[in-house]
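Novice: Given next are the chains, with one letter for each unit.
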Amino acid sequence: MAYITGASMINIDRHYDKSIRRLASDAVFKLDSSSVENVDYVIVASSISYLQEPQLDLASYIASALGLRNARAFNVEAGEVSGATAVLMAKSLVDSRLASKVLVVGVDKLSNYPSAVTYKHISLLNDSESESLYSIGLGGIAGILMRLYMETYKVDRLTLAYWPALMHSNAKLNPYAMLRFTITPEKVLDAMPIADPITLLDTFPIGDGAAALVVESKPRDALAEIVAVESAVGYPSITLSPDPLRIDSLELAYSRLTEKLDLKRIDVIELHDSYTISAILQLESLRLAERGKAAEAVANGYFTVNGDGPVVNPSGGLKARGHPIGATSVYQVAEVASQIAGIFPGLKVPDAKSGLVVSVNGFGSNSYVVYLRGVE
Amino acid sequence: MLSKSPPVVWRSRIYRYRLIGCKCKNCGRVHYPPASACPYCSSRDLEEVELPRVGKVLSYSIVYAVDSDARERSPVILGLIDLGVTRIIAEITDANPEDIKIGSQLEAVFRRIGEDGETGVIIYGLKFRPVI
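Protein sequence lines, in the order shown, are assigned to chains S and A. Just so we're aligned, residue 1 is where the first sequence starts under our numbering, counting upward by one. Just so we're aligned, residue 377 is where the second sequence starts under our numbering, counting upward by one.
Hints are not guaranteed to be accurate.
Chain S stretches covered by chain A per the calculated footprint, using a threshold of three residues with CB under 8 Å from any CB of chain A [unchecked claim]:
{"#": "1", "region": "143-157"}
{"#": "2", "region": "176-182"}
{"#": "3", "region": "185-198"}
{"#": "4", "region": "225-238"}
Derived lysine-lysine pairs resembling PhoX-like cross-links, with alpha carbons at most 25 Å apart [said to hold, decoys possible]:
{"#": "5", "chain 1": "A", "residue 1": "K477", "chain 2": "A", "residue 2": "K399"}
{"#": "6", "chain 1": "A", "residue 1": "K432", "chain 2": "A", "residue 2": "K399"}
{"#": "7", "chain 1": "A", "residue 1": "K503", "chain 2": "A", "residue 2": "K432"}
{"#": "8", "chain 1": "S", "residue 1": "K120", "chain 2": "A", "residue 2": "K399"}
{"#": "9", "chain 1": "A", "residue 1": "K503", "chain 2": "S", "residue 2": "K120"}
{"#": "10", "chain 1": "A", "residue 1": "K380", "chain 2": "A", "residue 2": "K477"}
{"#": "11", "chain 1": "S", "residue 1": "K293", "chain 2": "S", "residue 2": "K218"}
{"#": "12", "chain 1": "A", "residue 1": "K399", "chain 2": "S", "residue 2": "K154"}
{"#": "13", "chain 1": "S", "residue 1": "K18", "chain 2": "S", "residue 2": "K154"}
{"#": "14", "chain 1": "S", "residue 1": "K218", "chain 2": "S", "residue 2": "K154"}
{"#": "15", "chain 1": "S", "residue 1": "K218", "chain 2": "S", "residue 2": "K18"}
{"#": "16", "chain 1": "S", "residue 1": "K154", "chain 2": "A", "residue 2": "K477"}
Think of the hints as simulated: they come from the structure by calculation, not from any bench. Ideal placement from N, C-alpha and C gives every residue a C-beta, glycine not left out.
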């Protein structure tokens, strides 16, 4: 059994004054100092930083910078699912008794270069042998998917704008979120187009961030138990997927989870809304809405605290909390664990006892689900 | 600093110039670009095939937020194109955004698709244009 006994985050922003190591120490030093004593392993999840602030064997340097000279350390790089992969590694080390305490640090740097260069780095999350050929980033693929969704299911653009409006509303209360202001759905349509039909307000802001988790074998003072982590690889490109509007890898990862566990209830979900269309397709892949109906459910408030569904992205999501690529799913796990413990400092999900984190690389080359539950 | 490796650009030239994909001898499905095993049935028994050079638009996006390599071409029209045997994502050229509709017929055309600054490698490959 693996338990999260500590979780911390820093605010996501363009931290021009902070190095990758400083971001990591800012997050870790927010934990009680006793909680990082006797750490057996430090696992560092990072992705874009290898292009923006190159440091190989980053984890050992971060462990030293944190003063954890007696620890063992290694990196995990898996694009946008780096953080969830690191959580899987931490759980595996604890479950196998190779470690009794593991520190997971998700940290990433996106602001060292102008946006056009950062977009190029982010485009490497795509298949470098096909999509990346035309210097088109994730946004172009998201734009293709959104138009296909609108045409296939006859959903209008305004209905799809309720997602970012909800995310901004949720993020306003989250002290670690990058964009803490509200927007209307109409404003999403009026924003600068980035990959028509997608506008600037359909996607995440460029920011740096760091979050940390302490994973232990003992449940004492735990925020939540990591019950299971599942994942699946998918098609490398939407061109190969039999139906590009289905995220095959997420459907497979989630079915692997539900085969193992009886998920009677999920109170809170943090999913991977890199674009509005990503959120919509993920909600449908998790069968929280019928195909073609997720946008309408979002617009009707189904996924809010007052709605009938699980509360989705009370943090504000990638859209408004922010998306420091390799660190993001560490934020998501920290947020869900904090919700279950009743200590999340933003929008609270009343009486949350269980939660799910969904992490996806690109549009489904790899998907992770992490299921957390409260400790009795 | 050169960001594109000449050997990388050189060794991928054939499938960029000629739309060479792979057909699986086990399940019969076609994929592009060529992989070492079939993405559908995992068979390694594959043969290279030339894909059709005409197709139709399944969806498209007009991309303004292009990365630094494509800035002078912005906005770029990017299409998801149905070639019948498989699909491809490619840049659509010789067209204004208002000319492109879902279902538009396109044909492959050989074009310069990128360069690495003033002194780096120049990359050629295929784009698609409306059928003339």
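Novice: Compare the structure with each hint and give your call.
Specialist: For each hint, the structure was consulted:
1. Under the rule that three or more residues need a Cβ within less than 8 Å of chain A, the assignment of the region 143-157 of chain S holds, with 7 such residues.
2. Under the rule that three or more residues need a Cβ within less than 8 Å of chain A, the assignment of the region 176-182 of chain S is violated, with 0 such residues.
3. Using a Cβ-Cβ cut-off of 8 Å, 7 residues of the region 185-198 of chain S lie near chain A, which meets the minimum of three, so the contact claim holds.
4. Closer than 8 Å: that is the beta-carbon criterion, and the region 225-238 of chain S has 4 residues meeting it against chain A, so the requirement of 3 holds.
5. A hinted pair counts as satisfied when its Cα atoms are at most 25 Å apart, and K477 of chain A with K399 of chain A does not qualify at roughly 29 Å.
6. Taken as a hint, the K432 of chain A and K399 of chain A pair is honoured in the structure, with Cα atoms around 21 Å apart against an allowance of 25 Å.
7. A distance of roughly 13 Å separates the Cα atoms of K503 of chain A and K432 of chain A; the hinted pair therefore holds under the 25 Å criterion.
8. Simply put, K120 of chain S and K399 of chain A have alpha-carbon atoms about 31 Å apart, too far for the 25 Å limit, and the pair is violated.
9. In summary, the hint linking K503 of chain A to K120 of chain S is supported, as the alpha carbons are separated by about 20 Å, within the 25 Å threshold.
10. Between K380 of chain A and K477 of chain A, the direct Cα distance comes to roughly 34 Å. Violation of the 25 Å bound is thereby established for this hinted pair.
11. Only pairs whose Cα atoms come within 25 Å are accepted, and K293 of chain S paired with K218 of chain S is rejected, the gap being roughly 42 Å.
12. For the proposed pair K399 of chain A and K154 of chain S, the alpha carbon gap of about 34 Å is over 25 Å, so the pair is violated.
13. For the proposed pair K18 of chain S and K154 of chain S, the alpha carbon gap of about 46 Å is over 25 Å, so the pair is violated.
14. Between K218 of chain S and K154 of chain S the alpha-carbon distance is near 51 Å, which puts this suggested pair outside the 25 Å criterion.
15. Straight-line distance between C-alpha atoms of K218 of chain S and K18 of chain S comes to about 34 Å, which puts the hinted pair past the 25 Å bound.
16. Between K154 of chain S and K477 of chain A the CA atoms are separated by roughly 16 Å; this keeps the pair inside 25 Å, and the hint holds.
Comparing the model with each earlier hint shows violations of hints 2, 5, 8, 10, 11, 12, 13, 14 and 15; every other hint is respected.
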